[in-house]
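Residue numbers (the working numbering), protein chains in the order written: chain A, 114 to 477; chain B, 2 to 80; chain C, 78 to 424.
Simulated from the structure, these hints should not be mistaken for laboratory data.
Keep in mind that the hints are not guaranteed to be accurate.
Stated by the list, open to error - Straight-line distance between alpha carbons at most 20 angstroms, and here's what the computed SDA-like set of lysine to any residue pairs gives:
(1) A:Lys220 / C:Pro421
(2) A:Lys116 / C:Glu346
(3) A:Lys218 / A:Ala182
(4) C:Lys148 / C:Val193
(5) A:Lys220 / C:Ala225
(6) B:Lys11 / C:Lys278
(7) C:Lys218 / C:Thr142
(8) A:Lys157 / C:Arg403
Stated by the list, open to error - Derived list of chain C stretches under chain A, where covered just means 3 residues or more per stretch with a C-beta under 8 angstroms from a C-beta of chain A:
(9) 344 to 350
(10) 402 to 414
Claimed, not checked - Listed next, with one range per pair, are the computed distances between beta-carbon atoms:
(11) A:Leu266 / C:Ser247: 56 to 64 angstroms
(12) B:Glu58 / A:Ser274: 42 to 50 angstroms
(13) B:Ile13 / A:Glu412: 31 to 39 angstroms
(14) A:Gly392 / C:Lys222: 49 to 57 angstroms
(15) A:Asp382 / C:Gly398: 46 to 54 angstroms
(16) C:His333 / A:Arg446: 23 to 31 angstroms
(17) A:Arg446 / C:Glu119: 49 to 57 angstroms
(18) A:Arg446 / C:Asp366: 33 to 41 angstroms
(19) C:Arg334 / B:Thr14: 39 to 47 angstroms
(20) C:His333 / B:Met65: 22 to 30 angstroms
(21) B:Met65 / C:Gly398: 38 to 46 angstroms
Each residue gets a CB set at the ideal place from its N, CA and C atoms; glycine is no exception.
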Amino acid sequence: MMKYLDEFRDPALAAALVDKIRRRSTRPVRLMEFCGTHTVSIFKHGIRQLLPPTIEMLSGPGCPVCVTANADLDWAIALASEPDVILTTFGDMLRVPGSRSSLEKAKAEGADVRVVYSTLDALQIARDNPDHPVVFLGIGFETTAPTIAASILQADAEGVSNYYVFPAHKLTPPATRAILDAGESRLDGIIGPGHVTTVIGSQAWEFLPRDYGLSCVIAGFEPLDILQGIYTLVDRIESGDPQVDNVYSRSVRPEGNQVALEHMYRVFDVCAADWRGLGTVPASGLKVRAPFRHFDARERFQVDPGPVVEPQGCLCGEVIRGVRTPPECKLYRKVCTPHRPVGPCMVSSEGACAAYYLYAGEQD
Amino acid sequence: MCVAVPLRVKSITELQAEVEMGGVGRVVSLDLTPEAQVGDYVIVHAGYAISILDEEEARETLEMFRQISDLMETDDEIP
Amino acid sequence: MNRILLAHGSGGRLSHDLICDLFLPHFTAPALARLDDAAVVEPGEALPTKRQLEFTDSRRLAFTTDSYVVKPLFFNGGDIGRLAVCGTVNDLAMVGATPLYLSAGFIIEEGLELDVLREVVASMRASAQEAAVEIVAGDTKVVEKGGADQLFISTAGLGIVPDGIEISASNARPGDVVIVSGAIGDHGIAVLSEREGLAFKTELESDVAPLNHLVADMMQASSHIHVLRDPTRGGLGTSLNEIAQQSQVGIAIEEHRIPVRDGVRAACEMLGYDPLYVANEGKLVAVIDREDADQILEAMRAHPYAEEAAIIGEVTAEPKGKVLLRTGIGGTRVVDMLAGEILPRIC
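Chain A extracted, bound-state conformation:
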């Protein structure tokens, strides 16, 4: 029995929630789940088929792999190929195609690329290899950024001088604003990312009802969480009462995790960031602050990754913005598959295209 997981997968309760959703939903609505982990969970549990046809689910840009700009990935691949450098990365990034190569290919060609589960592992590799610079590829949103900040603080406290971070983190509320401001597709509600919000607090989403008249529900990742989240959103939309609702209250507080935020902002400053699919979004990225600049891989290393090449015909950017669904891409399934991915949305386990391909087959 896995406590606090199994109870939230109860089939009978799920059926009841599905029924509730079906009764409450009377008109077509478009809901965006921002977070890639939500996309995966929705597909994995087969939730889409259970929803009434009035509800259309769109995936958002909450897939750090998908939104990492090619320029950044190219830089990391070039760095990995430098002699002596040990590049550590979350597994998610290994197979993502950059302009010409990938970390996996670089590894096959002799680069020392190591997959880690945590920055703690990367730090340990740094301790174990004092003669090598160990660089951690820092992707992720506000869930992950504090953990990377913590690793820098720890390296600083211990005097580990061969540990570096390549900061490619992104912030979610600014990205959400960018999508809404682009006004490309009508959205009626947003399922907010449960673990990002655990860090930033549900208050961080108040701008959605306030500035955009949109409801936002902060949901956890188990089936019952997601179904409850969808129900709550549909209920708000049907009653025309936009609010932020926290249905992941066992982990999310209004003020978030202050310790985590403090760590994050002690090490990082907010800056503009390049997002695949969104272009440059102001105040949506993190850069290393001056006191910790000696941990910044960008400061320490100069590499020339060559010109950036975007994959031809790839609609990843539009998929991320909720403008298109994967099946609408000409390359989807015919050319672009998880075995031969053209763009990151098909590689990342939680990219919308991969989720559709792997879990929905040809049914969608």
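Take the given structure of chain A and dock chains B and C to it, following the hints.
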């Protein structure tokens, strides 16, 4: 973007905790949740606890689900 | 000297001594002891098997080859040696063959401790004994330090397929029932837990085991076994896809019926893995005629390696080549083949 699981804290040494679920154990950092205690459940992402699971809230949420279920006049059969 | 030297692979005195002092004490087949260039075997010779073999009616041989490069060499519940013997035996058993003879080629990295090699070989002996097979041919090569990761083992296996047995991944028929012999994912998680960088502690053991006696029991209980597969790399999900594609049928399984140990589920949750794709080394999936389901299940559950055998689904006419899963909450999703290596995710 946020694979994270609830794990039970078995023991704490400074800011590191031995946590477990289903008989599998890991060592995670409590840097971001320094107030965690033995017996707490923490939500762990990438080797760090990012929040302490509020068991009261969890109970209430489950209770809410069960109430919904009771109000339903549908069969117990999964459609 | 307690380590393997390059000279051990050169074919001279040292090689000869290695074979006589380290391998032959454990690999005791008479055919091997003759140390000829090839083993000459007579399948009619008495072997300690569970049931009598009638060779006169069997005209088909089953032949398989495999290589083993597992890291670490020793893991909870097993080691590379046991893996090599069981993996080969199981491949033969999956076509309904009675496994008889194995060969084992060892590619050894210079510097490997002799004790390690001895332990691996002893483990192979024990596994071969359990499976009632003989290791009748072997080879050793030594490569320079860095040329191989400690030890690689390459095997071939020979078995006899009794007449009338047609077990193949192309034989699944709509209406058939799909059975798995026990909990999935044990091996993959057990091995993973011992790799650095992903260190998590678990009591979980690899399930590595020879399944030929189990298969013999199943074949005794029914002559309507259509497909047998051991879901090794790529896991159950990949094996089911292979069957669906080769037989051009659909396979529909139910999540709540698939046995998975708590520890495996927990580890998978932590790393973002799916138990359906995690390797097994002591499990089989069987596609059988629905009529014989009860007696096959009974025979399986009576065997120590299949006490948790369970029906997990059925074969359908459509959609051809696809595996559909009914999820715990009543939804449906497609189970595809594993795309590449499974990697731990944070996303």
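Hint-by-hint comparison with the structure:
As the CA atoms of lysine 220 (chain A) and proline 421 (chain C) are separated by approximately 17 angstroms, the hinted pair is consistent with the 20 angstroms bound. Restraint check: the Cα-Cα separation between lysine 116 (chain A) and glutamate 346 (chain C) comes to about 12 angstroms, which is no more than 20 angstroms; the hinted pair holds. Taking the CA atoms of lysine 218 (chain A) and alanine 182 (chain A), the gap is about 18 angstroms. The hint holds against a cut of 20 angstroms. The suggested pairing of lysine 148 (chain C) with valine 193 (chain C) holds, with an alpha-carbon distance near 14 angstroms, which does not exceed 20 angstroms.
A hinted pair counts as satisfied when its Cα atoms are at most 20 angstroms apart, and lysine 220 (chain A) with alanine 225 (chain C) qualifies at roughly 18 angstroms. In summary, the hint linking lysine 11 (chain B) to lysine 278 (chain C) is supported, as the alpha carbons are separated by about 13 angstroms, within the 20 angstroms threshold. With a CA separation close to 18 angstroms, the supplied pair lysine 218 (chain C) and threonine 142 (chain C) stays within the 20 angstroms bound. Under the criterion of a C-alpha separation no larger than 20 angstroms, the hint pairing lysine 157 (chain A) with arginine 403 (chain C) is consistent with the structure, at around 10 angstroms.
Under the rule that three or more residues need a Cβ within less than 8 angstroms of chain A, the assignment of the segment 344 to 350 of chain C holds, with 3 such residues. As drawn, the segment 402 to 414 of chain C meets chain A at 11 residues by the rule of a beta-carbon pair under 8 angstroms; at three or more, the given contact holds. About 59 angstroms separates the C-beta atoms of leucine 266 (chain A) and serine 247 (chain C), a value consistent with the hinted range of 56 to 64 angstroms. Checked against the hint of 42 to 50 angstroms, the C-beta distance between glutamate 58 (chain B) and serine 274 (chain A) comes to roughly 43 angstroms, which is consistent with it.
Between isoleucine 13 (chain B) and glutamate 412 (chain A), the C-beta spacing of about 36 angstroms keeps the proposed range 31 to 39 angstroms intact. Separation of glycine 392 (chain A) from lysine 222 (chain C) is about 51 angstroms and conforms to the stated range, judged on CB atoms against 49 to 57 angstroms. For aspartate 382 (chain A) and glycine 398 (chain C), the Cβ-Cβ distance of about 52 angstroms falls inside the hinted range of 46 to 54 angstroms, so the restraint holds. Restraint check, histidine 333 (chain C) to arginine 446 (chain A): a C-beta distance of roughly 30 angstroms satisfies the suggested window 23 to 31 angstroms.
Checked against the given bound of 49 to 57 angstroms, the beta carbons of arginine 446 (chain A) and glutamate 119 (chain C), roughly 55 angstroms apart, stay inside it. Range check, arginine 446 (chain A) to aspartate 366 (chain C): about 35 angstroms between beta-carbon atoms, so the 33 to 41 angstroms window is met. Separation of arginine 334 (chain C) from threonine 14 (chain B) is about 42 angstroms and conforms to the stated range, judged on CB atoms against 39 to 47 angstroms. In this structure the supplied range 22 to 30 angstroms holds for histidine 333 (chain C) paired with methionine 65 (chain B), their Cβ-Cβ distance being about 24 angstroms.
The given range of 38 to 46 angstroms is respected by methionine 65 (chain B) and glycine 398 (chain C), whose C-beta atoms sit roughly 43 angstroms from each other.
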